[in-house]
Each structure stands twice: as C-alpha cells, then as structure tokens.
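A.B. asks: Each chain is listed here by its residues.
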Amino acid sequence: GIQVEQSPPDLILQEGANSTLRCNFSDSVNNLQWFHQNPWGQLINLFYIPSGTKQNGRLSATTVATERYSLLYISSSQTTDSGVYFCAVVPGQTGANNLFFGTGTRLTVIP
Amino acid sequence: SQTIHQWPATLVQPVGSPLSLECTVEGTSNPNLYWYRQAAGRGLQLLFYSVGIGQISSEVPQNLSASRPQDRQFILSSKKLLLSDSGFYLCAWSVSARRAFFGQGTRLTVV
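Protein chains in written order, with our numbering: chain D, 1 to 111; chain Z, 112 to 222.
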C-alpha cells in the first residue's frame, strides 16, 4: 500500500518562529489534506490541497503531486499551534475513497 | 451546516465484552463515512470506510466490524473485545471524497 512519511517527527519552536513540515508519499494521489490534532484529540481540517498552493492566515500549504510531496508552512507560531500535524492522502485514480494518514509531526511551541 | 456526533466520549470495557460505537452525521446526504483508530502517541489507522448504505470496505482484518444501516449512521462493533482493541476511535465524513471532518472521538480502554 501507499506509504506516507512526515518529517520532522518532532519539532520544538519558540513562539513567533516559522516552520516547514513535509509530507512525502510513495504513489500517485488524487486527494491530499492537512490536519491539526489538538492536545484534546480533536482533528481539525486545515487544507484540502491535491495540488498547488493555498493560504489561510498564518498557514499555507503547497503540494507538488508530480514529485510526491506536500509542505505545510506555519508562520509566526503561537502556543495554540501546538499539537500533531497530519497529512492524509487518497491513493490512485479519481473515485477512490480510502483516506490514509501519515506518521505525523508533533509540534510544541514554547512561550 | 454539517455536524458529526460520536458517542460515548469515553468507555471502559472488560475483555471479552461486546462493543458498539455510533456515529451520526447531520446536514448532508450520502456522505463517505470512515472509522479510524489511534493508539497512544501514534498515527491514525483506517479501519473501515463506506460510500453508501450497506457498503463497507475493510482496510485491516481484525475482530471489529462496521455497519451502515442508514445513510448518515455508521456503527463500529465487536462481539468480544481484546486488550489490543484499546485506543482512540474516530469517525469522519466527507462528500465526494474531498475534505474530511472528524467527530470528537471515543477513548476506549479494555481492561
């Protein structure tokens, strides 16, 4: 099956710093999403981004599907950004529905 | 607007007992529905997904089963729980396999 690897596995930042999280996938995908899981376990959908670039406030994401990776940028980090960031993909052709999650990046923002 | 309800929030069950977790979605029709399990400190493992009533796809063979008796209801069951079934169970929905949205999750401890 498809492999979805995220890096780094852990990241500690000072409040106000910027960061880049990476998601590599081993096969073609027709769907890629980024999620944030807060310390209480709630998963929040950040982006649906099978290709191209999107921005939402301090967060932006870029997916280069032909090279099988996606990047999540966090600027001016805040303590509320702490948690685990996951990318998730649907492999293969359009019409598939199985959404597989990556290994995650645990982000800790310290004041 | 769409909402997803998942209950109970926490559950402690003895080994060998049955399990039934329910997930319902409001405000949308014919959603894709998903069950995931997350072990402590780990990523999300896709267990089952469904694209319609009575249509269940299993990603991981185990002693769990899923059913979709109504369009917006997804049930995760087990006849006899094992210690290894402990974890955080999450239900999610999406439309046309685009952005997925998650419920609050159920923390299951098998003792």
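These are calculated hints, taken from the structure and not from any lab test. Glycine residues also receive a C-beta, built at the ideal position from the N, C-alpha and C atoms. Hints are not guaranteed to be accurate.
As the list claims (entries may be wrong) - What follows is a set of in silico ranges between Cβ atoms, one per label pair, in the way DEER data are often shown:
(1) G165(Z) with I12(D): 36 to 42 Å
(2) Y48(D) with A120(Z): 24 to 30 Å
(3) P180(Z) with S51(D): 48 to 54 Å
(4) I12(D) with Q184(Z): 27 to 33 Å
(5) S168(Z) with G16(D): 28 to 34 Å
(6) T103(D) with P119(Z): 37 to 43 Å
(7) Y48(D) with S178(Z): 34 to 40 Å
(8) E170(Z) with P8(D): 36 to 42 Å
(9) I44(D) with S195(Z): 25 to 31 Å
(10) Y48(D) with V162(Z): 34 to 40 Å
(11) T121(Z) with G57(D): 21 to 27 Å
(12) T80(D) with T139(Z): 44 to 50 Å
(13) A17(D) with K190(Z): 49 to 55 Å
(14) S168(Z) with S75(D): 47 to 53 Å
What the hints assert, rightly or not - Some residues of chain Z that are not near chain D, with every Cβ distance over 12 Å (derived):
(15) L144
(16) Q156
(17) S161
(18) A203
(19) V221
Claimed, not checked - Which residues of chain Z face chain D? A partial, calculated answer using Cβ under 10 Å:
(20) L130
(21) E133
(22) A177
(23) R209
A.B. asks: It remains to establish, for every hint, whether it holds in the given structure.
C.D. replies: How the hints compare with the structure:
1. G165(Z) with I12(D): 36 to 42 Å: violated, 47 Å
2. Y48(D) with A120(Z): 24 to 30 Å: holds, 27 Å
3. P180(Z) with S51(D): 48 to 54 Å: At 37 Å between Cβs, range violated.
4. I12(D) with Q184(Z): 27 to 33 Å: violated, 42 Å
5. S168(Z) with G16(D): 28 to 34 Å: Since S168(Z) and G16(D) have Cβ atoms about 45 Å apart, the given range 28 to 34 Å is violated.
6. T103(D) with P119(Z): 37 to 43 Å: Since the Cβ atoms of T103(D) and P119(Z) sit about 29 Å apart, the hinted range of 37 to 43 Å is violated.
7. Y48(D) with S178(Z): 34 to 40 Å: Distance hint for Y48(D), S178(Z) is violated at roughly 28 Å.
8. E170(Z) with P8(D): 36 to 42 Å: Because 27 Å falls outside the window, the suggested range is violated.
9. I44(D) with S195(Z): 25 to 31 Å: holds, 28 Å
10. Y48(D) with V162(Z): 34 to 40 Å: Between Y48(D) and V162(Z), where Cβ atoms are some 18 Å apart, the hint is violated.
11. T121(Z) with G57(D): 21 to 27 Å: violated, 33 Å
12. T80(D) with T139(Z): 44 to 50 Å: violated, 29 Å
13. A17(D) with K190(Z): 49 to 55 Å: For A17(D) and K190(Z) the Cβ distance comes to about 50 Å; the hint holds.
14. S168(Z) with S75(D): 47 to 53 Å: 39 Å Cβ-Cβ, so the 47 to 53 Å window is violated.
15. L144: It is violated; L144(Z) is separated from chain D by about 10 Å at its closest Cβ, not greater than 12 Å.
16. Q156: violated, 8 Å
17. S161: Non-interface label fails for S161(Z): nearest chain D Cβ at 9 Å, not farther than 12 Å.
18. A203: The claim breaks: A203(Z) does not keep its Cβ more than 12 Å from every Cβ of chain D (closest is about 8 Å).
19. V221: Consistent with the label, V221(Z) stays out of reach of chain D, its closest Cβ about 18 Å off (over 12 Å).
20. L130: Violated. Min distance 19 Å.
21. E133: violated, 18 Å
22. A177: For A177(Z), the interface hint is violated, since the closest Cβ of chain D sits about 13 Å away, which is over 10 Å.
23. R209: Holds, because the Cβ-Cβ distance from R209(Z) to chain D comes to roughly 6 Å (cut-off 10 Å).
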